[in-house]
Amino acid sequence: EDQVTQSPEALRLQEGESSSLNCSYTVSGLRGLFWYRQDPGKGPEFLFTLYSAGEEKEKERLKATLTKKESFLHITAPKPEDSATYLCAVRGSYNTDKLIFGTGTRLQVFP
Amino acid sequence: DVKVTQSSRYLVKRTGEKVFLECVQDMDHENMFWYRQDPGLGLRLIYFSYDVKMKEKGDIPEGYSVSREKKERFSLILESASTNQTSMYLCASSFPGRGDTQYFGPGTRLTVL
Chain G
49 EDQVTQSPEA LRLQEGESSS LNCSYTVSGL RGLFWYRQDP GKGPEFLFTL YSAGEEKEKE
109 RLKATLTKKE SFLHITAPKP EDSATYLCAV RGSYNTDKLI FGTGTRLQVF P
Chain R
21 DVKVTQSSRY LVKRTGEKVF LECVQDMDHE NMFWYRQDPG LGLRLIYFSY DVKMKEKGDI
81 PEGYSVSREK KERFSLILES ASTNQTSMYL CASSFPGRGD TQYFGPGTRL TVL
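Line by line, the protein sequences give chains G and R.
Counting in our numbering, the first sequence tops out at residue 159, every number present.
Counting in our numbering, the second sequence tops out at residue 133, every number present.
To be clear, the hints were calculated from the coordinates, so they are not data collected in a lab.
Non-contacting residues of chain R with respect to chain G, defined by C-beta distances greater than 12 Å in every case (computed):
#1 Lys33
#2 Thr35
#3 Val72
Subject to a maximum C-alpha distance of 20 Å in a straight line, what follows is the list of computed DMTMM-like cross-link-like pairs (lysine to aspartate or glutamate):
#4 G/Lys146 to R/Glu92
#5 G/Lys90 to R/Asp46
#6 G/Lys117 to G/Glu49
#7 G/Lys146 to R/Asp120
C-beta: ideal position from N, C-alpha, C; glycine also.
The shape of chain R in the complex, shown without the other chains:
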């Protein structure tokens, strides 16, 4: 079974803080993705990575950065958190060439005060 884990289920931070969200997958997947999910807007892609040290911007990268130093780990960084970044953050991974099915982690509910 594919397993994707995220470092926290719930996180509360203050405006201006630097926030790290961590994601780890155990299936040796090349691809990893970060989404945010907001009511009425669905899942929106922030960043994705095809390989170690590689990253590409998704649809809403502003205010975020990412890091992928190891194949199994993909981190999302909020350099200076703002209230409009309060959201559910979802990490996913996939193995290209085998249906590209993305498998999701449990999500991190981030609240920025």
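Only chain G is shown next, with the shape it has when bound in the complex:
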């Protein structure tokens, strides 16, 4: 069964304190791993798509990496405006456009 597990559930960082969020997945034949950012009361905002092990993508202070079993979202020198819930999702095993989502990591960055 396709599954996505994110850790930690919540993370509190001081401004400037770099860290990583983890997304572990179980899927037969990965056809895309997606990272989204979600602010309270709003819809998820797309950040990155990764397709194959070894792939990396960057956007400002965020960098996403992918291995055969997990993905990391590295946050370098975070700022308070990076506070949000970060969601990870994978495309399902079969010929489908469905996404399976993790429950997210809630990040709080304090000044």
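Model the placement of chain R on the given structure of chain G, informed by the hints.
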């Protein structure tokens, strides 16, 4: 920029009422999706559609139906709202074959009293 809009940000309904949630996308996407999001449970797929007049059940379709009469519009219908359908409802759309990235609307916070 992809734009997905939802008809209401907040909605309050009574038990037993028929509820319509509307979603419109402006990028000519074939795929459209309805999710609900609850604390601790993440996003769960209710229904999705690959084309006009086509629909497929997601993981939690019970108590819901959908309608897609035009490519840009996908409606979620709660035939008889119940308190356990109080949730955040999110619509998304995607264009198959180009990364399948799903783009989300702002969400509708539905409260059923």
